[in-house]
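Participant: Generate coordinates for the entire structure from the input sequences, incorporating the hints supplied.
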Amino acid sequence: MMSNFWSMGGYARYVWPCFGFAGVVLGWNLWAARRLLAGARLRSARALAMAAGDAR
Amino acid sequence: MNVGAGQAFVLIVRRELCLSFRRPEQLFQPLVFFLIVTTLFPLGLSLQLSQLRDIAPGVLWVAALLSSLLSLDSLFKNDADDGTLEQLALSGQGLTLIVVAKTCAHWLVTGLALVVVSPIVATALDIPIAAFETMMLSLALGTLTLSWLGAIGAGLTIGLRRGNVLLSLIVLPLATPLLIFGAAATERAISGTSTVGALYFLAALCVFTCTLAPFAATAALRITLE
Amino acid sequence: MWTWFYKLASPPYVYGVAAALMPWLLGGAALAIAYGLTAGLALAPPDYQQGDAFRMIYVHVPGAILSLTVYMVMAAASAVALIWRIKVGHAVAAASAPIGASFALMALVTGSLWGRPMWGTYWAWDPRLTSELILLFIYVGVMSLRSAFEDPARGDRAAALLAVVGVVNVPIVHFSVVWWNSLHQGATIVKLGAPSMPGSMLWPLLSMWLGFMLFYGAVLCTRVQAEVLNRERQAAWVREAIKS
Chain A
1 MMSNFWSMGG YARYVWPCFG FAGVVLGWNL WAARRLLAGA RLRSARALAM
51 AAGDAR
Chain B
1 MNVGAGQAFV LIVRRELCLS FRRPEQLFQP LVFFLIVTTL FPLGLSLQLS
51 QLRDIAPGVL WVAALLSSLL SLDSLFKNDA DDGTLEQLAL SGQGLTLIVV
101 AKTCAHWLVT GLALVVVSPI VATALDIPIA AFETMMLSLA LGTLTLSWLG
151 AIGAGLTIGL RRGNVLLSLI VLPLATPLLI FGAAATERAI SGTSTVGALY
201 FLAALCVFTC TLAPFAATAA LRITLE
Chain C
1 MWTWFYKLAS PPYVYGVAAA LMPWLLGGAA LAIAYGLTAG LALAPPDYQQ
51 GDAFRMIYVH VPGAILSLTV YMVMAAASAV ALIWRIKVGH AVAAASAPIG
101 ASFALMALVT GSLWGRPMWG TYWAWDPRLT SELILLFIYV GVMSLRSAFE
151 DPARGDRAAA LLAVVGVVNV PIVHFSVVWW NSLHQGATIV KLGAPSMPGS
201 MLWPLLSMWL GFMLFYGAVL CTRVQAEVLN RERQAAWVRE AIKS
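Protein chains in written order, with my numbering: chain A, 1 to 56; chain B, 1 to 226; chain C, 1 to 244.
What the hints contain is simulated information worked out from the structure, not anything from laboratory work.
Keep in mind that the hints are not guaranteed to be accurate.
Where chain C lies over chain A, by a calculated footprint (3+ residues, C-beta under 8 Å) [unchecked claim]:
1) 12 to 18
2) 26 to 33
3) 40 to 50
With the Cβ distance kept under 10 Å, some of the chain C side facing chain A (calculated, not the full set) [to be verified]:
4) Ala42
5) Tyr58
6) Ile99
7) Cys221
Pairwise CB distance ranges, derived in the manner of DEER restraints [unchecked claim]:
8) A:Ala45 / B:Gly83: 38 to 44 Å
9) C:Val178 / B:Gln87: 48 to 54 Å
10) C:Gln50 / B:Gln51: 37 to 43 Å
11) C:Gln50 / A:Leu30: 29 to 35 Å
12) C:Arg85 / B:Gly92: 20 to 26 Å
13) B:Asp81 / A:Trp31: 42 to 48 Å
14) C:Leu202 / A:Ser7: 20 to 26 Å
15) B:Leu66 / A:Ser7: 47 to 53 Å
16) B:Phe28 / A:Ala45: 55 to 61 Å
On a predicted model such as this, the values are computed, not experimentally measured, just so you know.
C-beta atoms are modelled at their ideal positions from N, C-alpha and C, and glycine is treated no differently.
Facilitator: Below you can see the structure in the form of C-alpha cells.
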C-alpha cells in the first residue's frame, strides 16, 4: 500500500517533483523574508549607532 | 496671451512634428529597423516564399511591436533632458493635455508611418493584397494603443539607467493582447475568414487604452518630474 | 473604526502588529497545509480520469489563486499609497511583489508538470497559461522598476503606478477560461452554484488554499517589518522596536 503511495499510480515522476518545487517555493519565501528582516534590523541598528555617534 | 485648450493642443502637435522632421534620421531609423527585423525571420528560418505566408502575421506584428518600442524613447526624453518638459508642465495648460498632444504627434510620425510602410513588408512576407486592408487597419489601431502604453512606460522610465530595457520590460507584457488579436486579424484576412471579431476586439482595446492611459501617463510624469 | 484605520497608516503600529501576528499566521498555515497534504495525498481517492496525477491540484490551484490574490493586495496597497500618500502602503506593496511572483512561478511550474501527463505537453499557448506568464512578467517589471530608481520614494511611487496599471491583467487571467474555449480546465470552485468536486477531494483543496493564504500573511508580516524598517531607519520608535 505504501508503494502505491510512492508510485502515485505511475505518475510519481511528475507528482513528487511538483510537490517538491512547491515546497522549495514556500521554503524560499520563509528563508528570504527572514534574511531581509535580519538585514533591515542590522542596518537600522548601524544607522542609529552612527547617528548617536554624530550627536556626541 | 491666453491660449485655449484646443489651440494649445494644435500648437504642441505642430511643435512635435516640426522637431521630428528636423531630424529625419530619427524618423527613418525605426522604419528601417522594422524592415530589418522582418527580414531576419525568413533568413533565420530559411523558408520558401510560399511558406512565409503562415508566419507572416506574427512576424509582422512582432517587428511592429519592437520598432515601436525603439521609437518610444524619444517621446519624453529629449524634452526632459533640456528642461522643456518641466516648462510645459508649469505652463498652466494641464499636463494631461500636453501628454495627449505629444502622444498623438508621436503616433503620427511612428505608428502611422509603420502602417504606410507595411505593404512593402507584407509583400516581402507573401501576404496577399486582399489582406492589406485588414492588416493596415489592425496595425493602425495596434500602434495607437501601443503609443499610449508606451507613454505610460516612457513616463515612468525617463532618465533611468538602461531605461529602454526597463521600458520594454514594462510595455511588452501589457501589449501581448494587442499582438494576439492583431496577428489573428491579419491571419484571418489571409485565410479569408471573418476578421470582424478580432478587429472589434482591437478597437475595444484601443478605446479602453486611449481613454485611461492619458491619466496614467500624466501620473507617471508627475512622479518622475516631482 | 476609523481610529483603527488611522493606526494602520502608522509605521510603528504596523511593525508591532506584524511582529505579533506572524507566529499565529505561520502556525495556522502549518496546520492547514499539514491537513491538506495528508488528506490530499493519502486520503482522497484517485480520480477516475486522471488517477493519482490529479493530486497535483493541491499545490497548483492554491498557488495560482494566491498569485492573483497577492497581486490584488499589491495593487490595492499601491493605490492607497498613491491616492492618500500612506507610505505603509508602499511597504506592503514592496513586500508582496516577490511573494506573488514566486506563487506565479509555482503555478506555472506545477501546472507544467501536471500538463505533461494530462495533455501530453509541458506547455501550451492557451489563454490561461499565457496570461499567467504575463502576470509573472508584470510582477518582475514592478520589482525591476522599483529597484531602478536611486530615490527609493520615487521608485515606490513609480512601481505603485505600474502595479495599478497592470491590474487589468488579473481579470483576464481569471476569466480566460470562460471567454475562450481552450485546453485548460474551466472554473470548478469559484463559480456560481455548487463546486463540481466531491467533498473528499474538495476539503483538502480548500484547506491548502487557506494554508497558502495564511502562509502569505505570515511571510508578508516578516517582509513588511523589513520594508517598514528600510523606510524609517532612523525614526525614534525604531530604537526600541529592534531591541526586541
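Participant: Each hint needs a verdict: does it hold in this structure or not?
Facilitator: Hint check results:
no., hint, result
1, 12 to 18, "holds (count 4)"
2, 26 to 33, "holds (count 6)"
3, 40 to 50, "holds (count 7)"
4, Ala42, "holds (6 Å)"
5, Tyr58, "holds (8 Å)"
6, Ile99, "holds (6 Å)"
7, Cys221, "holds (9 Å)"
8, A:Ala45 / B:Gly83: 38 to 44 Å, "holds (42 Å)"
9, C:Val178 / B:Gln87: 48 to 54 Å, "holds (49 Å)"
10, C:Gln50 / B:Gln51: 37 to 43 Å, "holds (38 Å)"
11, C:Gln50 / A:Leu30: 29 to 35 Å, "holds (31 Å)"
12, C:Arg85 / B:Gly92: 20 to 26 Å, "holds (24 Å)"
13, B:Asp81 / A:Trp31: 42 to 48 Å, "holds (43 Å)"
14, C:Leu202 / A:Ser7: 20 to 26 Å, "holds (25 Å)"
15, B:Leu66 / A:Ser7: 47 to 53 Å, "holds (48 Å)"
16, B:Phe28 / A:Ala45: 55 to 61 Å, "holds (58 Å)"
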